[in-house]
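Undergrad: As a plain string of letters, each chain reads:
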Amino acid sequence: MTTELLGAPPAPPNPQPGPAAPKADRKADRILGLRCRACGRPEPIGPSYVCPACFGPLEVAYDLDLVRGHLSRATIAARPAGIWRYLELLPVAVQPGRGLPVGSTPLLPAERLGATIGIERLLLKDDSRNPTLSFKDRAVAIAVAKAVDFGLEALACASTGNLAGATAAAAAVVGLPAYVFVPADLEPAKIDHALAYGATVVPVDGTYDDVNRLCLEVADELGWGFVNINLRPFYAEGSKTLAFEIAEALGWRLPDVIVAPVASGAMFTKIARGFDELATIGLVERTPVRFVGGQAAGCSPVAAAFRTGSDTIEPVRTPNTIVRSLAIGNPADGRPAAELARSNGGSIEAIPDEATAEAIRRTARLEGIYAETAGGVTIAAAEAARRNGTIRPDDEVVALLTGNGLKTPDAVRLGVPAQPAEPGRPGLAPTIGPSYRAFEAWLER
Amino acid sequence: MSTIRIPPVLRTSTGGQKLIEIDGTTVGEVLTALVASHPGLEAQIFAEPGALNRFMNVFVNDTDIRHLETLATPVGERDSIVLLPAMAGG
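Each protein sequence line maps, in turn, to chains A and B.
One point on numbering: in our numbering, the residue at position 349 of the first sequence is 349, and numbering is uninterrupted.
One point on numbering: in our numbering, the residue at position 68 of the second sequence is 68, and numbering is uninterrupted.
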């Protein structure tokens, strides 16, 4: 059972201990600006995401030498739980005054599930415990902080579901209106979730990629803060906190293998970036980590590129999968995701929906964690990678469960014959009368 | 003539123009003519002559040209071409 929580160990001495927090007048010095990932051109901090010179994506650049002098294991250990304990590695000058309590989710040993896969040391990063039940709260926390910094008038997103709720909730906390664009056939639970926080939900008759194209045009013209478009350089940084928390929970070291779902590829690659930054500033030893990604077989452009060795991501026009949260046919970071898996002996696995559903059920029944479809893909990807030898039996494997199954309730029933429960066969029992005799009659069937 | 919608980040190269009408029978012809009339756009649109920059997505009437005939996709007078960054996903 997954009852033991791996907490952060006592902080060992740091060779370069710094003060508890950066000096007030130096808080933002560590944030050098934006930089084009393709050509390296610097750009000033602002709600921009595209290099004007080469059209490449912008990302945040830090002065890691400065961070090294300010951030120690002891400094982090003394701070409250949550993503802001790693402030110096995030693109925000000071912790926002208002915000949801995001992060510090548990890393749980999963011996029973691991035994069914053939992995002795399987750990589950249960990120379904974030405020809106998915890892998206991490990225949105950074994006909304920057939207407030920039004085933007509204928060918005293109969403496959989890981001809708995360954006809506974060906007509610800071008092900004939220506009959430989703495919019209999204799971109703995800739409209701965003509506509950007071968002305006705009269903779009098309795929997620259609929604995203529309939002790119809207973001350009209206100046709203689209968390995953014009705030994307900052938003994407939030996923690094997964890496920071995993390393800290392991006693400031890196695992052998990370298994994570791949949609746009941003979270997958940012975990690697997070590990790299920790090693650069001396908080962990730089040890090799294999990255195993999971995609739904019905929308697996990154897995296809990995399999063929191509450096071109061929977009999928019409995804066909129950895994809506990964149904991105034209992933922005697909190429770096495939390169990451390739470069370190990892893999990108394509998982049929039936295997995803079975993995959701198995994880719930053996470890007490009800994951959404992307979590099922992750566990099934770990199993596939174990079968093909990418993961070895004695590896320490951290698998990311990035969302809660209550958002995708239909998925768990896929492939399960519709038959009532009987004694010894769990499931939904037929309705009985409110008497012991009725129950006894059912029990003795 | 087809109409090309220029994203804000590229409008410094078009003198601030948002919509530009250009002759051509295919997307490739139209984009080549666009670059000829606005040379500042070349590096953003083409990686090399005849090959799109991998960070540039081109849509004809809201459909990605990679789902059509890429740069050979035919275009006519009423077609709308939109240039957008390759930036999809949460």
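These are computed hints drawn from the structure, not numbers from a lab.
Careful, some of the hints might be misleading.
[Unchecked claim] Below are the DMTMM-like pairs computed for lysine to aspartate or glutamate, each with C-alpha atoms no more than 25 Å apart in a straight line:
| # | chain 1 | residue 1 | chain 2 | residue 2 |
| --- | --- | --- | --- | --- |
| 1 | B | Lys-18 | B | Glu-42 |
| 2 | B | Lys-18 | A | Glu-153 |
| 3 | B | Lys-18 | A | Glu-277 |
| 4 | B | Lys-18 | B | Glu-29 |
| 5 | B | Lys-18 | A | Glu-43 |
| 6 | B | Lys-18 | A | Glu-120 |
| 7 | B | Lys-18 | B | Glu-77 |
| 8 | B | Lys-18 | B | Asp-79 |
| 9 | B | Lys-18 | B | Asp-62 |
| 10 | B | Lys-18 | A | Asp-395 |
[Claimed, not checked] So, partial list: chain A residues that the calculated Cβ filter (under 8 Å) puts toward chain B:
| # | residue |
| --- | --- |
| 11 | Pro-57 |
| 12 | Ala-61 |
| 13 | Asp-65 |
| 14 | Gly-69 |
| 15 | Pro-80 |
| 16 | Trp-84 |
| 17 | Arg-317 |
| 18 | Asn-330 |
| 19 | Tyr-436 |
The beta-carbon is built from N, C-alpha and C at its ideal position, and this holds for glycine as well.
Undergrad: Look at each hint and say if it fits the structure.
TA: Hints and how they fare:
no. : hint                 : verdict
1   : B:Lys-18 / B:Glu-42  : 17 Å, holds
2   : B:Lys-18 / A:Glu-153 : 23 Å, holds
3   : B:Lys-18 / A:Glu-277 : 40 Å, violated
4   : B:Lys-18 / B:Glu-29  : 19 Å, holds
5   : B:Lys-18 / A:Glu-43  : 23 Å, holds
6   : B:Lys-18 / A:Glu-120 : 58 Å, violated
7   : B:Lys-18 / B:Glu-77  : 18 Å, holds
8   : B:Lys-18 / B:Asp-79  : 16 Å, holds
9   : B:Lys-18 / B:Asp-62  : 17 Å, holds
10  : B:Lys-18 / A:Asp-395 : 54 Å, violated
11  : Pro-57               : 7 Å, holds
12  : Ala-61               : 18 Å, violated
13  : Asp-65               : 30 Å, violated
14  : Gly-69               : 34 Å, violated
15  : Pro-80               : 27 Å, violated
16  : Trp-84               : 22 Å, violated
17  : Arg-317              : 5 Å, holds
18  : Asn-330              : 5 Å, holds
19  : Tyr-436              : 51 Å, violated
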